[in-house]
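Turn these sequences into a full structure, and let the hints guide you.
From first to last, the protein sequence lines are chains X and W. Going left to right, the first sequence walks through residues 1 to 321 as the numbering used here numbers them. Going left to right, the second sequence walks through residues 322 to 597 as the numbering used here numbers them.
Hints are computed from structural coordinates only; laboratory data are not their basis. Do not rely on the hints blindly, as some may be mistaken.
Here are some, though not all, of the chain X residues that point toward chain W, as calculated from beta-carbon distances under 10 Å [claimed, not checked]: (1) Ala51; (2) Pro73; (3) Gln75; (4) Ala86; (5) Leu91; (6) Arg128; (7) Val182.
Heads up, the beta-carbon is just placed ideally off N, CA and C, and yes, glycines get one too.
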Amino acid sequence: MAPVLELRQISKDYPGHRALDAVSLEIPRGAFFTLVGPSGCGKTTTLRLIAGFEQPTSGEILLNGVPINHLRPYQRAVSTVFQNYALFPHLTVRGNVEFGLRQRRATDAAARLRRALELVQLAGKESRYPAELSGGERQRVALARSLVIEPEVLLLDEPLSALDPNLRKQMRAELKNLQRRVGITFLLVTHDREEALSLSDRIAVMHQGRIQQIGAPEELYLRPKTRFVADFLGAVNWIQGAGVRPEATRISRRPPDGGLRSLPATVLESLFLGSCVHVRARLPGGDVVTAEVSRYDGDFRPGEAVHICWLPADELRFDGA
Amino acid sequence: MNRLRLGFLAPAALIIAALILAPMALVACYSFLSRGAYGGVEWIGTLENYARLFDPLYLKILARSAVLAAAAASLCLLLGFPLAWFIARAGPRKHLCLSLVILPFWTSFLVRLYAWMFLLRDTGLINTLLLAAGWIREPLPLLYNDGAVLLGLVYGYLPFTVLPLYATLERLDPSLLEAAADLGAPPLAAFRRVVLPLAAPGMRAGALLVFIPCLGTYLTSDLLGGSKTFLAGNLIQNQFTTARDWPFGSAASLVLMGLTLLVVFVWLRRQGENLL
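Structure follows, in structure tokens:
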């Protein structure tokens with residue numbers, strides 16, 4: 001199936017620096033697609049280019065196969081959920097959600113408004129003003145306001161970052177659920193790797209204005225193509241040029257059986273984290289590795305001589321990186 | 322604590338009492354007395370001063386003043402809005418721009434009005450240049466008419482609209498405009514549905530800050546309007562100087578003040594604002 005949104009060789013220059021460097025992307029229809037990367041990697045710029053708030057220096061943006069570079073933001077069939085939500089403070093929940101419908105003079109506005117409010121569980125709060133809502137409720141208004149106009153792609157700019165940590169986890173689940181129910185393509189921008197891994201069908205990892213790798217969450221996590229992707233998506237122990245995730249790193253008092261690679265090590269400390277234990281150990285070369293083990297695997301004390309072992313299949317290897 | 326608070330309030334309260342309330346009480350008192358032959362008052366109580374105000378001649382003057390003040394306020398809004406918008410978006414230069422807006426206040430209003438007279442009169446700069454260029458045969462009547470007064474009022478009070486408008490527009494989150502565009506609103510619709518409602522408090526304040534002083538103006542109308550533009554302020558001034566009718570002047574100023582308060586009150590009530 002043809003992608004709903006396509007970026008072809010998009011570059012964006014600002015005076016003195018290049019924010020995006022030949023970024024190409026294809027976003028499948030109905031997908032939950034995430035752009036993830038550290039701050040300044042160009043992910044938000046990408047979103048703003050798609051929304052039309054800024055113009056690319058070169059390259060082409062296609063929506064349903066049609067170039068939209070020349071279209072103004074109000075002519076593009078995409079909608080943005082802003083990081084600060086950008087709700088209209090002088091309008092009620094109803095007024096905010098109706099905003100786009102009234103602009104389009106939708107005939108079934110009342111029904112669509114009701115459906116959208118029910119979708120985000122805001123029915124009954126139509127006459128509240130944004131100032132009278134909690135952070136989570138504001139976010140739902142922002143979602144409903146964009147979803148009600150049925151965009152081809154919903155652009156979400158760090159939508160969870162303004163929420164407190166507990167609420168963030170809850171809204172994360174709701175967001176995924178919502179996307180499944182409405183079937184609209186979501187393009188999420190975030191710097192939070194957990195958010196990216198747990199929500200997305202596909203992820204593009206960005207770094208310094210370039211796309212490092214695109215793929216399904218498992219693929220990126222288990223088979224990263226660059227050191228940057230490996231490091232960004234999770235902790236890595238670098239052992240003799242290969243990367244091993246802490247949860248793939250095992251620890252044992254006896255030398256391991258065949259099939260495992262191993263190195264002798266000395267335990268530095270054990271950190272009890274509730275669901276698991278992080279054991280930090282020093283390798284002969286001086287490198288320190290962390291093994292994430294179950295607390296049923298035994299109690300490792302500082303100074304203890306152990307063996308760090310791992311499966312060759314769990315090694316992350318990069319060519320020349 | 323309360324005593325301390327009173328201590329801090331006392332100086333301002335004293336100044337208001339001595340310099341505003343006391344003279345106003347005097348004016349109120351005079352308005353019910355009879356005129357003296359050479360100014361001053363005779364201690365004979367009367368309501369005649371108020372009754373005279375209903376003379377169509379005076380009502381007409383009041384109406385003219387109100388229309389001119391409203392026109393000045395509207396023009397100031399119309400001219401001040403784009404300027405305030407520009408300054409609010411001027412980035413690091415906005416403080417310089419704001420200084421330029423209030424720069425005229427460094428010179429006396431009287432001097433600036435005389436400057437306008439030099440520009441506008443028959444032998445003034447504008448007419449001289451136009452004549453010299455051969456575009457006109459005889460001087461244009463730029464001075465001593467309502468237009469000149471309106472020009473003077475707008476010129477003098479424009480900063481009073483720009484400043485409150487700037488304050489509201491500067492607080493307007495630019496992402497709201499992006500959101501409006503994002504939801505399908507072209508610039509004009511975004512302006513009407515987002516900017517105008519959010520700027521309304523500043524526009525109301527700005528209009529009021531121009532309307533009130535313009536309603537009582539006498540200097541601008543005196544210098545730029547000449548004898549043709551006789552406004553409420555000129556009427557009052559005239560009673561205390563040439564006409565030597567202090568009681569009637571007092572009654573007129575009290576009524577003008579009452580009407581102004583009424584306008585302010587109705588204006589703010591209608592808009593549901595609690596500025597007072």
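Results for each hint:
1. A distance limit of 10 Å between C-beta atoms decides the matter here; for alanine 51(X) the minimum to chain W is near 6 Å, and the interface restraint holds.
2. The restraint placing proline 73(X) at the interface with chain W holds, with a minimum CB-CB distance near 4 Å, inside the 10 Å limit.
3. Using the Cβ-Cβ criterion of 10 Å, the hint placing glutamine 75(X) at the interface with chain W is satisfied: the shortest such distance is roughly 8 Å.
4. A hinted interface residue such as alanine 86(X) counts as satisfied when its beta carbon comes closer than 10 Å to some beta carbon of chain W; here the least separation is about 4 Å, so the hint holds.
5. Interface restraint check for leucine 91(X): the shortest CB-CB distance to chain W comes to about 8 Å, inside 10 Å, so the restraint holds.
6. A distance limit of 10 Å between C-beta atoms decides the matter here; for arginine 128(X) the minimum to chain W is near 17 Å, and the interface restraint is violated.
7. The beta carbon of valine 182(X) is not positioned within 10 Å of any beta carbon in chain W (closest approach about 17 Å), and the interface hint is therefore violated.
Hints 6 and 7 from the earlier list are contradicted by this structure; the remaining hints agree with it.
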